[in-house]
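Student: Residue numbers (the numbering used here), protein chains in the order written: chain A, 1 to 308; chain B, 1 to 308.
No wet-lab data here; the hints were simulated from the structure.
Hints are supplied without guarantee of correctness; some may be wrong.
If you want the footprint, here are the derived chain B segments under chain A, 3+ residues with CB under 8 Å [to be verified]:
(1) 117 to 129
(2) 177 to 189
Just a sample of chain A residues kept apart from chain B, beta carbon distances all over 12 Å, derived [stated by the list, open to error]:
(3) 94
(4) 96
(5) 102
(6) 106
(7) 134
(8) 143
Every residue, glycine too, gets a C-beta built ideally from N, C-alpha and C.
Number of protein chains: 2
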Amino acid sequence: MSVTVICGGVGAARLLVGIRRVMSDDQITAIANVGDDFRIHGLYISPDLDTITYTTAGAVSQERGWGLEGETWQAMEMVGRYGGVDWFGLGDRDLGTHLYRTHRLTQGASLSSVTAEIIRAWGLNYTLLPVTNDQLQTFVTTQDEGEISFQEYFVRRQHSVEVSKVRFVGAASATPAPGVLESIEAADRIVIAPSNPVVSIDPVLSVPSVSEALAARRQSVTAVSPIVGGKALKGPADRLMSELGRDASVVGVAEWYRHMVSTLVIDEVDAHHRQSIEALGVDVIVMPTVMSSPQITDRLARVVCGLA
Amino acid sequence: MSVTVICGGVGAARLLVGIRRVMSDDQITAIANVGDDFRIHGLYISPDLDTITYTTAGAVSQERGWGLEGETWQAMEMVGRYGGVDWFGLGDRDLGTHLYRTHRLTQGASLSSVTAEIIRAWGLNYTLLPVTNDQLQTFVTTQDEGEISFQEYFVRRQHSVEVSKVRFVGAASATPAPGVLESIEAADRIVIAPSNPVVSIDPVLSVPSVSEALAARRQSVTAVSPIVGGKALKGPADRLMSELGRDASVVGVAEWYRHMVSTLVIDEVDAHHRQSIEALGVDVIVMPTVMSSPQITDRLARVVCGLA
């Protein structure tokens, strides 16, 4: 029994915590979005890889949902003293991860090798793969600033501006990282985590062959809706879907994924959408999906892994 | 009345503290070695510029003589957890300086512009110039490892290996930073600080036109010997001089600098070398040079600035 999980950041990381409680690490492969990756202060930052690592290691800040518990901010205070760019918060402990990753990449190591080294150092034995080792960066077009990088939109602008277009720069010439296609082809179950379809899952799907590989396994692919009652649990998924002319609802999520997903897990508050989703040819599982307790998380994990 | 000081790191920084007490900031220009600069973890590090900045700002760690007081080491602990390169200690506060500098350099700012921004942020109003904005890096040849960078020699190997050759890579095509030649030409007094002649002052002199500019001002140039009683006060200056076939003494220092220095300040313990130095055509001032108290430091500062 094996499972491959297509991941964004926080929502995916929380589901992975549950999956790791109901399956063993050697059965689990997580494929992560790298469209959020960027360089700042000379450092290479991989926000989703780090959120997944820190969360599954039990080291993530519970308060913030990203970065590390027990963090200090001495470096950023100094950057602030110089009047430097401090809108992207880098904790001192977190900086150690960025220093290590940047150093290894500079030495010529691939992002997947470095990712494996990092999760091993955290005592994690599942497989975490960036979707690609090539450059792939999400940009969004806004009315007032034109096209800006995802982090400028998400962090600096606090995703408070309207987006008219999303673009994954580099995607067309990117190659899936070693193991990505193989794990999609070989897994007993494939899960699309409750992450932002527009800016977390779509960059993964934009890498050539990945969406085709998923479509070929459609009967084994289950997605968890990140939209509950018409709202994103976290972040701008609902607004982005509306701004791009989609329905910000579980039905919109089903439309988004229907070509590669045979089952959509939706929350009980959305039960009334069941028929609209089934009309799209997508099966529906209705259950609590807001991972507010370990019990709910584990039950969701069991269902998506086909253990329920 | 104006003074220009040719600087390495710790010894120069301490003398500058004294000079700033006996002169005003608008009279002082410090020209710093950048041969120790290097990149690690993707960050651009300027050890001598930082030591000078932190020391003159009164923020340097008194215990270590480099880096900042009140420092924490969370980032490096994390790098260590990953098995990363941790022989070059980067404190969390100090990292803020490297993040800021690297970011500005990436934006296309020159090292001298960034240096000015950094010292202003520390409330310092003297002029601190890197000798060049171009790449210039000191390498040493060792028996067991061949040619290694200065920081690998100085920090990783704790300068415990014999050196057969010193090379300043990039020097031949480097240009003095704006203000460097002008401040040497215009200063009333020029001081060569008590820094390592081989690996701190020589990289400065290796930039084309700098040693010629100093030689043209020889009558106004005073050096303070970094060798006291045949020993370097700090670091490997004495061993390096011996290893390169020079006399590790105040006489050796006078020989090293004679073409561009008219006066050498030596410590009282070296008074018996006076005649040998004068025989080289270099005047001698004998006085306490070990800056172990503010009084000694200020008296030394007054003498080298021609105020005594």
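Student: Counting residues of the stretch 177 to 189 of chain B that have a beta-carbon nearer than 8 Å to any beta-carbon of chain A, does the count reach 3?
Tutor: n = 0 at 8 Å, threshold three: violated.
Student: State whether the coverage of the stretch 117 to 129 of chain B by chain A holds or is violated, taking the criterion as 3 or more residues with Cβ-Cβ distances under 8 Å.
Tutor: Holds: 3 residues of the stretch 117 to 129 of chain B have a Cβ under 8 Å from chain A.
Student: Over 12 Å from every CB of chain B: does residue 143 (chain A) meet that, or does the non-interface label fail?
Tutor: Per Cβ check, residue 143 (chain A) is outside 12 Å of chain B; nearest 26 Å; holds.
Student: If we take the beta carbon of residue 94 (chain A), is the closest beta carbon in chain B still more than 12 Å away?
Tutor: Violated: least Cβ distance 8 Å, not greater than 12 Å.
Student: Looking at residue 106 (chain A) again, its CB stays over 12 Å from all of chain B?
Tutor: Nearest chain B Cβ is 6 Å from residue 106 (chain A), so the label is violated.
Student: Examine each Cβ of chain B, and state whether all of them lie more than 12 Å from the Cβ of residue 96 (chain A).
Tutor: violated, 2 Å
Student: The output says residue 102 (chain A) does not contact chain B. Does that hold with a beta carbon cutoff of 12 Å?
Tutor: violated, 4 Å
Student: Say whether it holds or is violated: residue 134 (chain A) keeps its Cβ farther than 12 Å from all Cβ of chain B.
Tutor: Consistent with the label, residue 134 (chain A) stays out of reach of chain B, its closest Cβ about 19 Å off (over 12 Å).
Consistency with the previously given hints fails for numbers 2, 3, 4, 5 and 6, ordered from lowest to highest.
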